[in-house]
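This note's numbering puts the sequence shown at residues 19 to 126.
No lab work stands behind these hints: they were computed from the structure. Note that this is a predicted model, so its numbers are computed, not measured. Every residue, glycine too, gets a C-beta built ideally from N, C-alpha and C. Don't take every hint at face value.
[Claimed, not checked] What follows is a list of derived Cβ distance ranges for each label pair: (1) Val40 to Asn62: 21 to 29 Å; (2) Cys37 to Asp112: 23 to 31 Å; (3) Ala110 to Arg60: 17 to 25 Å; (4) Ala110 to Trp33: 39 to 47 Å.
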Amino acid sequence: MMFRVGASFMTSDTWCPKCDRVLEHTAAHAVACAGGGHRVVRHNSIRDECYWRCLAVGVEAEREESGLLPSDPLRRPADVFLAAWPGGIQLALDFAVTCPLQADMRAD
19 MMFRVGASFM TSDTWCPKCD RVLEHTAAHA VACAGGGHRV VRHNSIRDEC
69 YWRCLAVGVE AEREESGLLP SDPLRRPADV FLAAWPGGIQ LALDFAVTCP
119 LQADMRAD
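Based on the sequences and whatever the hints tell you, model everything.
In structure tokens, the structure reads:
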């Protein structure tokens with residue numbers, strides 16, 4: 019709740035040790051910082067959770083499947099690829115980790 023209303027988490031602004039930018043007293047930068055690879059870690063956690071849940075319910079799934087695009091066989095367009103989705107179709111799931119502080123995501 020404190021984060022959503024912009025309350026202070028620190029007494030003053032400081033520098034982010036990961037990317038050398040301003041770390042605001044509201045900690046807004048900490049949520050969006052690309053330094054240190056935390057966005058990739060969050061992305062991979064979401065991807066892996068989806069993958070393991072598919073397997074747990076008997077849905078055949080593959081992580082980061084390559085070769086789905088004949089024009090660019092090394093590209094991996096799916097974080098999780100489901101070869102046999104109901105209805106006989108193939109389904110490619112791609113996840114994105116975005117910043118909750120984007121202007122279009124806030125109810126100012």
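Outcome for the supplied range 21 to 29 Å, where the beta carbon pair is valine 40 and asparagine 62: Given a distance of about 27 Å, which is inside 21 to 29 Å, the answer is holds.
Verdict for alanine 110, tryptophan 33 (Cβ pair) under range 39 to 47 Å: holds (40 Å)
Aspartate 112 and cysteine 37 - C-beta distance against the hinted 23 to 31 Å: holds (25 Å)
Status of the given 17 to 25 Å range, CB of arginine 60 versus CB of alanine 110: holds (20 Å)
Going down the numbered hints, you'll see the structure goes against none, and every one checks out.
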